[in-house]
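Protein sequence lines correspond, in order, to chains H and V. Following the numbering used here, the numbering of the first sequence begins with 1 at its first residue and continues without gaps. Following the numbering used here, the numbering of the second sequence begins with 1 at its first residue and continues without gaps.
Honestly, I wouldn't trust all of these hints.
Stated by the list, open to error - Pairs of lysine to any residue residues, derived as SDA-like cross-links and limited to a Cα-Cα distance of at most 25 Å, are as follows:
1. V:K35 - H:H169
2. H:K138 - V:R122
3. V:K40 - H:H169
4. V:K35 - H:N241
5. H:K171 - V:K297
6. V:K17 - H:K114
7. V:K10 - H:Y139
8. H:K110 - V:L124
9. V:K40 - H:K114
10. H:K110 - V:P125
11. V:K40 - H:P63
12. V:K40 - H:K200
13. H:K234 - V:G150
14. H:K200 - V:G46
15. V:K17 - H:F250
16. H:K138 - V:K297
17. V:K17 - H:D140
18. H:K232 - V:N44
19. V:K40 - H:I228
20. H:K114 - V:N91
21. H:K234 - V:K29
22. H:K138 - V:G46
23. V:K11 - H:D140
24. V:K40 - H:W161
25. V:K11 - H:Y139
26. V:K29 - H:A165
27. V:K40 - H:H170
28. H:K138 - V:P125
29. H:K110 - V:N126
30. H:K171 - V:D202
31. V:K297 - V:Y275
Stated by the list, open to error - Not close to chain V: a few residues of chain H, all C-beta gaps over 12 Å, as computed:
32. D109
33. E231
34. E252
Derived from the structure by calculation, the hints contain no laboratory data. These figures come from a predicted structure and were not determined experimentally. Virtual Cβ for every residue (Gly too), placed ideally from N, Cα, C.
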Amino acid sequence: MSSISSEELLKFESLAKEIRRDIVEMLYRTKSHHIGGSLSMVELLVSLYFKVLLVHPEKPDDPERDKFILSKGHGCPALFAVLAKKGFISKEDMSTFAQDGGALQQHPDKDISKGIELTSGSLGYGLSVGNGIALAGKYDSEDYRVFVYLGDGELNEGSNWESIAFAAHHKLDNLVAIVDYNKLQAAGTEEEVMNLKPLKDKWASFGWSVKEVDGHNFKEILEAFGTIPFEKGKPSCLIANTVKGKGISFMENIVKWHDKCVEDNEYEKALKELE
Amino acid sequence: MRKIFFEKLKKLAREDKNIFILGADLGLKYFADLKEEDPKRFLNAGIAEVNMVGTASGLAMSGKNVYCYSIIPFIAMRAFEQIRLNLCQSNLNVKLLGAGGGLVYGLEGITHHAIEDIAIMRALPNMAVVAPGDVKEAELLAEQSVNHIGPLYIRFGKDVAESVYEGEIDFKIGKGNIIKEGDDICLITTGSMLCTGKVVCDLLKEKGVNTGLISMHTIKPLDEDLVKDCAGKYKSIFTLEDHNVIGGLGSAVAEVLLENGFKGVFKRIGVPDKYSSDIGKEGYLMEKMGLDPESIKNLILKYNG
Chain H
1 MSSISSEELL
11 KFESLAKEIR
21 RDIVEMLYRT
31 KSHHIGGSLS
41 MVELLVSLYF
51 KVLLVHPEKP
61 DDPERDKFIL
71 SKGHGCPALF
81 AVLAKKGFIS
91 KEDMSTFAQD
101 GGALQQHPDK
111 DISKGIELTS
121 GSLGYGLSVG
131 NGIALAGKYD
141 SEDYRVFVYL
151 GDGELNEGSN
161 WESIAFAAHH
171 KLDNLVAIVD
181 YNKLQAAGTE
191 EEVMNLKPLK
201 DKWASFGWSV
211 KEVDGHNFKE
221 ILEAFGTIPF
231 EKGKPSCLIA
241 NTVKGKGISF
251 MENIVKWHDK
261 CVEDNEYEKA
271 LKELE
Chain V
1 MRKIFFEKLK
11 KLAREDKNIF
21 ILGADLGLKY
31 FADLKEEDPK
41 RFLNAGIAEV
51 NMVGTASGLA
61 MSGKNVYCYS
71 IIPFIAMRAF
81 EQIRLNLCQS
91 NLNVKLLGAG
101 GGLVYGLEGI
111 THHAIEDIAI
121 MRALPNMAVV
131 APGDVKEAEL
141 LAEQSVNHIG
151 PLYIRFGKDV
161 AESVYEGEID
171 FKIGKGNIIK
181 EGDDICLITT
191 GSMLCTGKVV
201 CDLLKEKGVN
211 TGLISMHTIK
221 PLDEDLVKDC
231 AGKYKSIFTL
241 EDHNVIGGLG
251 SAVAEVLLEN
261 GFKGVFKRIG
271 VPDKYSSDIG
281 KEGYLMEKMG
291 LDPESIKNLI
301 LKYNG
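Only chain H is shown next, with the shape it has when bound in the complex (with noise of 0.2 Å):
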């Protein structure tokens, strides 16, 4: 089991702080959105490549690492910002996020020296790559796991439930699917456009062993990573709510910071908010 001490844990709220204040910065740098969906994914992120994922930095392609797949590619603000804390993408690179020439675009481009499994940004597909990861390394007797990334909004994508209902038959237990539950999606609320509820047992339904945490809180997302795979023979499911926009009180929870950019007033307030 995974447990966090206290010193621990303040240092990785510290860590997280820094990465929100990297976010803001190079979306309102380059005028990109995908603000609030980057925000929700701090915590989570965090604890993944600080504390559960054997990935290196040093050895970026090594074929027994546990592989990470962000199935919400606009998420990749956050994740870029924490690949860039972890090692993997250089301070250059993050410097020409979005721009002519640069590194790194809006939506993730496969770069396995940079710690990109997965080019995605077109929602509900990560999942059954995820699928056909797992199954080699099942076929192979590999110990690696491997981790898909999914908003809650991409679950309104078919594709993701024909892959929910494979691993599941499969009994991948080594494939584990973080839903990103912050209920606000592009042009609404989830209740607006397409209601997921009851999620958890939408996922138990299809033979996945589900948990819910906090997706803000580190104790217990990290309590719950501890116990992968969550039932022998079954996939795991951890459905984390979030907030969208978590951190910055005028992006909470409201739906048009999906893809607003930050003007120069609000970036003075957000990171007076993040100091």
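Starting from the known structure of chain H, fit chain V onto it as the hints suggest.
Same frame as chain H, now just chain V:
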């Protein structure tokens, strides 16, 4: 054709444990014995082609050599974005085996007809597109597909049992085959229209017209040298395919001819740009569309003056 391809593939898969075969709940009788022997490498992924191609990508990213099989619209069109993003962008070793090229599934209706797939697959960077013309080509294609690097779309048309070739053949993905040389006219075919093309050549011969016949089994990468040779040698060039005249073999050949200044007669023969409104078996529908040997012969004679 399909049967001989699968028999060969099964033989290869028994020897090479890196080969995985995924199906989408169709045509799995071909693999029933293998599924029994090694169920972990031969999976029925269910009626879920999108997940099947995505899963194939994950397997290929993990070093496996993967074949996916289904009826063409379901594998090539339903799962198109997975093919584009996963297979093609990453140049993964996944072979897509599509059954029912053209109007093979005549009576099943438009859901099963496949007249746009070559155009769609041909537009994808890194994708190779091959439609074997007869049993000999199909068997050698199975053998070569195993070592093909990158995504490969294999289109099975009408299941012909015979071969247009006498004796052994020299088959290579990306290299067209000259079946016979002609005097002034050449007919370039792809897929199982090769056998129709052979009959057309025989009919033309009866009219005293000695027509060249080429099997252009690989539509991408197209054997441009062979097309250029034809442009130099023949006054009239016809293409023949069981696919929409837009975007298939005819378009591919036309691109090369025009860019190389061909001044002769050129005509694409294929499925007109419309969905069939008739009901019938393949032979009946092909006749309705003017793709039976007699109609093709007449069209060639008309165009050739």
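Results for each hint:
1. Distance check on the hinted pair: V:K35 and H:H169 sit about 16 Å apart at the alpha-carbon level, within 25 Å; holds.
2. Between H:K138 and V:R122 the CA atoms are separated by roughly 34 Å; this puts the pair beyond 25 Å, and the hint is violated.
3. Among the hinted pairs, V:K40 with H:H169 is consistent with the structure: their alpha-carbon atoms are about 13 Å apart, no more than 25 Å.
4. At roughly 42 Å between alpha-carbon atoms, V:K35 and H:N241 are farther apart than 25 Å, so this suggested pair is violated.
5. The suggested pairing of H:K171 with V:K297 is violated, with an alpha-carbon distance near 57 Å, which exceeds 25 Å.
6. About 31 Å separates the Cα atoms of V:K17 and H:K114, which puts this hinted pair outside 25 Å; it is violated.
7. Of the supplied pair hints, the one linking V:K10 and H:Y139 holds, its CA atoms being roughly 19 Å apart against a limit of 25 Å.
8. Proposed proximity of H:K110 and V:L124 is supported: the alpha carbons are some 18 Å apart, at most 25 Å.
9. Annotation: proposed proximity of V:K40 to H:K114 is violated, straight-line Cα distance about 32 Å (limit 25 Å).
10. Among the hinted pairs, H:K110 with V:P125 is consistent with the structure: their alpha-carbon atoms are about 16 Å apart, no more than 25 Å.
11. Using a Cα cut-off of 25 Å, the hinted pair V:K40 and H:P63 holds, with the two alpha carbons roughly 21 Å apart.
12. At most 25 Å may separate the alpha-carbon atoms for a hinted pair to count; V:K40 and H:K200 exceed this at roughly 30 Å.
13. This hinted pair does not check out: H:K234 and V:G150 have alpha carbons roughly 33 Å apart, beyond 25 Å.
14. For the hint pairing H:K200 with V:G46, the CA-to-CA distance comes to about 24 Å; that is within 25 Å, so the pair holds.
15. At most 25 Å may separate the alpha-carbon atoms for a hinted pair to count; V:K17 and H:F250 exceed this at roughly 56 Å.
16. Between the alpha carbons of H:K138 and V:K297 the distance comes to roughly 56 Å, so the proposed pair goes past 25 Å and is violated.
17. For the given pair, V:K17 sits about 11 Å from H:D140 by alpha-carbon distance, which is consistent with the 25 Å threshold.
18. A threshold of 25 Å between alpha carbons decides the hint, and for H:K232 with V:N44 the separation of about 23 Å falls inside it, so the pair holds.
19. Distance hint between V:K40 and H:I228 is fulfilled; the C-alpha atoms sit about 23 Å from each other, no more than 25 Å.
20. For the hint linking H:K114 to V:N91, the alpha-carbon distance of about 19 Å falls within 25 Å, and the restraint holds.
21. Distance check on the hinted pair: H:K234 and V:K29 sit about 29 Å apart at the alpha-carbon level, beyond 25 Å; violated.
22. For the given pair, H:K138 sits about 20 Å from V:G46 by alpha-carbon distance, which is consistent with the 25 Å threshold.
23. Proposed proximity of V:K11 and H:D140 is supported: the alpha carbons are some 22 Å apart, at most 25 Å.
24. In summary, the hint linking V:K40 to H:W161 is supported, as the alpha carbons are separated by about 22 Å, within the 25 Å threshold.
25. With a CA separation close to 20 Å, the supplied pair V:K11 and H:Y139 stays within the 25 Å bound.
26. Straight-line distance between C-alpha atoms of V:K29 and H:A165 comes to about 23 Å, which keeps the hinted pair within the 25 Å bound.
27. The straight-line distance between the Cα atoms of V:K40 and H:H170 is roughly 10 Å, inside the 25 Å bound, and the hint therefore holds.
28. For the given pair, H:K138 sits about 31 Å from V:P125 by alpha-carbon distance, which is inconsistent with the 25 Å threshold.
29. The hinted pair formed by H:K110 and V:N126 meets the criterion: a straight-line CA distance of about 16 Å does not exceed 25 Å.
30. Our distance criterion of 25 Å between C-alpha atoms is broken by H:K171 and V:D202, whose separation comes to about 58 Å.
31. In summary, the hint linking V:K297 to V:Y275 is supported, as the alpha carbons are separated by about 23 Å, within the 25 Å threshold.
32. A Cβ of chain V approaches the Cβ of H:D109 within 12 Å, the least distance being about 8 Å, so the stated non-interface status is violated.
33. Distance check on H:E231: its Cβ is at least 21 Å (rounded) from any Cβ of chain V, clearing the 12 Å threshold; non-interface status holds.
34. No Cβ of chain V approaches the Cβ of H:E252 within 12 Å, the least distance being about 32 Å, so the stated non-interface status holds.
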